[in-house]
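**Q** Taken in order, these protein sequences are the chains called A and B.
Using numbering that gives the first Met the number 0, the letters of the first sequence correspond one by one to residues 0 to 298.
Using numbering that gives the first Met the number 0, the letters of the second sequence correspond one by one to residues 0 to 274.
Careful, some of the hints might be misleading.
Only part of the chain A face toward chain B is listed, based on derived beta-carbon distances under 7 Å [stated by the list, open to error]:
| hint | residue |
| --- | --- |
| 1 | Phe20 |
| 2 | Ala24 |
| 3 | Met36 |
| 4 | Gly202 |
| 5 | Phe236 |
| 6 | Ile279 |
To list a few chain B residues with every Cβ distance to chain A over 10 Å, as calculated [what the hints assert, rightly or not]:
| hint | residue |
| --- | --- |
| 7 | Gly52 |
| 8 | Phe55 |
| 9 | Asn60 |
| 10 | Cys139 |
| 11 | Gln159 |
| 12 | Ile166 |
| 13 | Met191 |
Restricting the straight-line Cα-Cα distance to at most 25 Å, the calculated cross-link-like pairs of lysine to aspartate or glutamate (DMTMM-like) are [claimed, not checked]:
| hint | chain 1 | residue 1 | chain 2 | residue 2 |
| --- | --- | --- | --- | --- |
| 14 | B | Lys263 | A | Asp104 |
| 15 | A | Lys244 | B | Asp219 |
| 16 | A | Lys14 | B | Asp175 |
| 17 | A | Lys207 | A | Glu191 |
| 18 | A | Lys73 | A | Asp104 |
| 19 | A | Lys106 | A | Glu191 |
| 20 | A | Lys73 | A | Glu137 |
| 21 | A | Lys69 | A | Glu56 |
| 22 | B | Lys103 | B | Glu170 |
| 23 | A | Lys164 | A | Glu137 |
| 24 | B | Lys263 | A | Glu191 |
| 25 | A | Lys146 | B | Asp239 |
| 26 | A | Lys14 | B | Asp167 |
| 27 | A | Lys12 | B | Asp106 |
| 28 | A | Lys218 | A | Asp201 |
| 29 | A | Lys164 | A | Asp68 |
| 30 | A | Lys14 | B | Asp106 |
| 31 | A | Lys207 | A | Asp104 |
| 32 | A | Lys199 | A | Asp104 |
| 33 | A | Lys164 | A | Glu151 |
| 34 | B | Lys105 | B | Glu170 |
| 35 | A | Lys12 | B | Asp175 |
| 36 | A | Lys244 | B | Asp239 |
| 37 | A | Lys207 | A | Asp68 |
| 38 | B | Lys103 | B | Asp167 |
| 39 | A | Lys292 | B | Asp106 |
| 40 | A | Lys146 | B | Asp167 |
Keep in mind the hints are simulated off the structure, nothing from the lab.
This one's a predicted model, so the numbers in the text were calculated from it and none came from an experiment.
All C-beta atoms in this analysis are idealised placements derived from N, C-alpha and C, irrespective of residue type, glycine included.
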Amino acid sequence: MNSNKKGMTLVAKQKAAGWAFLTPATLMIVVMSFYPMVRAFIISLQTGAGANMRFAEPIFSNYQRMMADKVFIKSIGNTFLYLLIQVPIMLILAILLAQLLNNKDLKFKGLFRTCVFLPCATSLVSYALIFRSLFAQEGLINSILVKLHILESGYNFLGNAASAKIVIIIALVWRWTGYNMVFYLSGLQNIEYSVYEAAKIDGANGWKTFWGITVPLLKPTIIMTFIMSINGTLQLFDESVNLTKGGPANATITMSHYVYNTCFINVPNFGYASAMAFLIFIMVAILAFINLKVGDTRD
Amino acid sequence: MTKKNSSMIQRRLIPTYIFLIIVSFISVFPLYWMISAATNTSVDVSRGRILPGGHFMENFNNLTAQQPLWRALGNSFLYAIVTTLVCLLICSIAGYGFEVYHDKWKDKLFSILLLAMMIPQVATMVPLFQMFSKARLLNCTLGFILPMISTPFMIMMFRQNARAFPIDIIEAARIDGLNEVQIFFRMFFPTMRSTYAAAAVITFMNAWNSYLWPKVIMTDNNSLTMPMLIANLITGYVTDYGMLMCGVLFCSIPTMVVFFVLQKQFAEGITGAVK
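Pulled out of the complex, with its shape left as it was, chain A reads as follows (with noise of 0.2 Å):
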């Protein structure tokens, strides 16, 4: 009855406060996220340093700075050999862990399925200083591989550009697997065991179960995990700054990691850092379209 005195009527108060709830959160949206991508393309527009930031001549100045810059082409070269390599190696794998532990006769699955998941406990410096050392000239891997006379002496291993990477691409792998598996995991337990009961006795192996069930069935899933694995690959960035420091001679730095050393380490200049940022969203963007097109289209 009190409600009715101040003129609204109950549906009009419900409707005010479906939009006072979802308020909150959309400013904070929009005045972290949207309002400075906008601010970051009208910087990266911009060149000098503080107050005297102006527009470029030409307006595009930044932009085509970026094409004659090695360091940050080797950066965007680093960033797409982890995609290309890192990412199926983790899905794939990922997979064909949730398929093996949702096998109804597995025995201790709960404990295997936690070791596979143990790594996401650790923050990423955490686990980007574990491989650092891990593989140092002096660290454990090293020990070992002398213990078993497969080296005379240590190598180094952060020290060469090939070996490097290969030591990132084998922490990113260690980190995420057990990540994506929980997707694939949960995913598996919509699956009715029925389905596979019914291909196990018309003779199909595990191999074409896999390939003619699982894969199909987790289809919207296994797209998800690629536009994540994506999204997450291409703003490498802890890794690279913690694991190699970017090194040897800038031989393993992520597109991100560049970004950040041209605001903050080497002489400050927010205009290009924010060209090349802008670049970055455009690529993460275009990615994301095709994935979601080519998922759309094959049904």
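With the hints as your guide, set chain B onto chain A.
**A** Then chain B, alone, in the frame of chain A:
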């Protein structure tokens, strides 16, 4: 006969067991080694010692003498807990609002908000840094939490889970004279405990582990976080591996405890928004 059958099945699973044991070992070993190295001297670690030793206190004392460990632990806990509380409140209200009061406009707004998922952190880093230094929000809790408290992922998770919340309860509560805010706090909040637990775990983990953003705005040594502190340990020419792993251990204990105690909620939190 069934017994024979099951032993045959188990025998056929032997390759699976072997594979899973190898993968499990690889997954667990680096963490075991981290803990063990934290108890050994740097020299022993370099010699390839795998067994735990008796030098934990030595490493610990070196660490506390060199770095403000307690301060960083305190900061990380403060930032992560405040982020979690505020994020859960804002995002759950929004998710509830998007689902329960949904109409064409709200659905459109929601799909626009989802686009924010594609915005890379490095792209917003420079403008946010400029905004925050102008607003004097560097080196403070508010500065840490503001970009983290509203994420499309969390809103989506609460929206998805609000779908299971029966609309009858809302109608009944309205007839009983509860207003919309009361309905949310007295009806929705208590019934959605498991969703809140999953959301809390994942938000806490993300906030605790975040590195790029604190590295940008925490310019003062007094406001540094645990990931920043352990990253500082490798800046010298010689790395003290025992001390380094001791620091890594301290950075990992809170997230490991959360993992072991709330593993189910953690797994739900990761996959929460995609049911």
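**Q** Please go over all the hints and tell whether each is borne out by the structure.
**A** Do the hints match the structure? See the list:
1. Phe20: holds, 3 Å
2. Ala24: Holds, about 3 Å.
3. Met36: holds, 5 Å
4. Gly202: Not OK, violated: Gly202 of chain A not within 7 Å of chain B, min 16 Å.
5. Phe236: holds, 5 Å
6. Ile279: holds, 5 Å
7. Gly52: holds, 14 Å
8. Phe55: Label holds. Min Cβ-Cβ 17 Å, cutoff 10 Å.
9. Asn60: Check passes; 20 Å lies beyond 10 Å.
10. Cys139: Cys139 of chain B is indeed farther than 10 Å from all Cβ atoms of chain A, at 16 Å.
11. Gln159: holds, 13 Å
12. Ile166: holds, 12 Å
13. Met191: Correct as stated: the minimum Cβ-Cβ distance to chain A is 14 Å, above 10 Å.
14. B:Lys263 <-> A:Asp104: Cα-Cα ~22 Å, so holds.
15. A:Lys244 <-> B:Asp219: Measuring from Cα to Cα gives roughly 22 Å; hence the hint holds.
16. A:Lys14 <-> B:Asp175: holds, 19 Å
17. A:Lys207 <-> A:Glu191: Measuring from Cα to Cα gives roughly 17 Å; hence the hint holds.
18. A:Lys73 <-> A:Asp104: Violated. Lys73 of chain A to Asp104 of chain A sits at ~49 Å, over the 25 Å cutoff.
19. A:Lys106 <-> A:Glu191: With Cα atoms ~20 Å apart, Lys106 of chain A and Glu191 of chain A stay inside 25 Å; holds.
20. A:Lys73 <-> A:Glu137: violated, 28 Å
21. A:Lys69 <-> A:Glu56: holds, 22 Å
22. B:Lys103 <-> B:Glu170: holds, 21 Å
23. A:Lys164 <-> A:Glu137: The given pair, whose Cα atoms are some 19 Å apart, holds under the 25 Å limit.
24. B:Lys263 <-> A:Glu191: With a Cα-Cα distance of about 22 Å, the restraint between Lys263 of chain B and Glu191 of chain A holds, given a limit of 25 Å.
25. A:Lys146 <-> B:Asp239: holds, 23 Å
26. A:Lys14 <-> B:Asp167: With a Cα-Cα distance of about 18 Å, the restraint between Lys14 of chain A and Asp167 of chain B holds, given a limit of 25 Å.
27. A:Lys12 <-> B:Asp106: Holds, at about 19 Å.
28. A:Lys218 <-> A:Asp201: holds, 23 Å
29. A:Lys164 <-> A:Asp68: holds, 21 Å
30. A:Lys14 <-> B:Asp106: Given that 25 Å is the threshold and the Cα spacing comes to 14 Å, the pair holds.
31. A:Lys207 <-> A:Asp104: holds, 19 Å
32. A:Lys199 <-> A:Asp104: Holds, at roughly 14 Å.
33. A:Lys164 <-> A:Glu151: holds, 22 Å
34. B:Lys105 <-> B:Glu170: OK: Lys105 of chain B and Glu170 of chain B at ~21 Å, within 25 Å.
35. A:Lys12 <-> B:Asp175: Holds - the C-alpha atoms of Asp175 of chain B and Lys12 of chain A are around 16 Å apart, at most 25 Å.
36. A:Lys244 <-> B:Asp239: holds, 17 Å
37. A:Lys207 <-> A:Asp68: Status violated; Cα separation ~48 Å.
38. B:Lys103 <-> B:Asp167: holds, 22 Å
39. A:Lys292 <-> B:Asp106: At roughly 21 Å apart (the allowed maximum being 25 Å), Asp106 of chain B and Lys292 of chain A satisfy the hint.
40. A:Lys146 <-> B:Asp167: Not OK: Lys146 of chain A and Asp167 of chain B at ~70 Å, beyond 25 Å, violated.
In summary, the numbered hints that this structure violates are 4, 18, 20, 37 and 40.
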